[in-house]
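Chemist: Put the two chains together into one complex; each comes in its own frame, and the hints tell you how they fit.
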Amino acid sequence: MDVILFLVFALIAVVCGINVVVQRHPITSALSLIGVMGSLAVLYLLLGAEFIAMAQVIVYAGAIMVLFVFVIMLLNAGAEETRGKSLVAQLLGLPLLILFLAFASHFVQRFVPSSTIVHFGAFTSGTAHNIGIALFTQYLLPFEVTSVLILIAILGAIVLARKELD
Amino acid sequence: MMTGVPLSWYLILSAVLFALGVAGFLFRKNIITVFMSIELMLNAVNLSFIAFSYQLKQVNGHIFTFFVMVVAAAEAAVGLAIILSVFKNRATLNVDDVNSMKY
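Line by line, the protein sequences give chains A and R.
End of the first sequence = 165 in numbering that gives the first Met the number 0, gap-free, step of one.
End of the second sequence = 102 in numbering that gives the first Met the number 0, gap-free, step of one.
I should point out that these hints are in silico values taken from the structure, not numbers from a laboratory.
These stretches of chain A come out as covered by chain R in the derived footprint (C-beta under 8 Å, 3 or more residues):
#1 0 to 8
#2 15 to 22
#3 33 to 41
#4 54 to 65
All of these numbers come straight from a predicted model, not from anything done at the bench.
Think of the CB as a built atom: it goes at the ideal place given N, C-alpha and C, for glycine as much as any other residue.
Extracted from the complex, chain R is given alone in its bound form (with noise of 0.2 Å):
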């Protein structure tokens, strides 16, 4: 006996977690949780490419996959770098107090 899971559950999860992703990056007020709610949005859509590949049988979405972690470990980086330099600068993480440019 050799029962399977539907794609359609692998996407429908993508879809949660990429929802969660996206109510932490609006709900959230910690720039650190904001960003780690970003990484989440970038695994939910892996997941997708992931179960999309296993559709197609083609190794292109791992490709893809790949790629996002090389963007998303070069965005860490960088934007690790830009916290440290804001919080250097104004002693705050909490994105409300870093609104000079908003007005």
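Excised from the complex, chain A in its bound form (with noise of 0.2 Å):
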């Protein structure tokens, strides 16, 4: 059962992220990429982290794609041009992406043991009991950081995009 969920799941999060690089129309990419952040939440909850499924849902898939989806609409972003595409980048592009796979899935097999065997419902520290008691002891000061860094990022947006006043 594991594994059909991590395959069925890993093909289409794999078929999503190239449908995002391929298309040419931005709000098609933004609908793959929800399909991607989906089913990594699946594979997050396989992997026993319920806390950060459940956020990736609803911050990743709900707020950050919806603000994507709205600055699309709201600059009506067509289809992209095709103009001016390097000839080297053409040529080279694929397969140098496929070595660079090549190397990292050789990496990863050669170093990571590979004894561990993902069973859903044998790590279960997940939980937002847990991750609420590590976030506040452990981790208190890079959360208070946090709420600083969002409030810059308000101030940053507002002052970005308002409107120039005389």
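Modeler: Here it is, written out as structure tokens:
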């Protein structure tokens, strides 16, 4: 069951990821990216990270992608033009990508002990309770700094997107 | 019968998604699609964090993923505001047309 779930959702994630890169129209890319995020949430659940899976659905697929779709529709972004592609990129891009993937897979297979088998339910510490304990004791200072970061981001977004006052 | 998936499969999936994000970042011309490729890379790294957190039986990787999500949200807000103001001034979304700092 674990293998089937992993293979199905990994396949959905990879196909949607390819779709993000290949599609010409940004709205199609955005919807494919939501597919990637949803299937990654299922994989997080398989790895025992239930809080992160829910946060993935709510924050990433819910909030961030809505922002993207909103901006795409606000700017009325059409299909992108194909002029000016360099010949080197067209010829070397795909082989180099496959080479990189082969190297990455090789090193992962070599250095990660393959004795670790992922079973659903073998690791149950990813609950909101445990995350909250770690977040408010060991990682309290980064958590507080994060709130300052978000405040700065809000201010920056407002300053950048406001109308110019004469 | 309880068969599972080796942890390295998750890491390879993470590498595949990261490579797709890099390809989108390098090859696309639309600035919004470039931005979405960055989000794809962040998601791939999150999957690695969760996988290693499973292997070490610790919750620390989840915390890091949480912080990456927060930073991604902040980055999306500021980045899309920048895209909006670039579009207001230049009326283009093509990254090749926004090159006045290049020369």
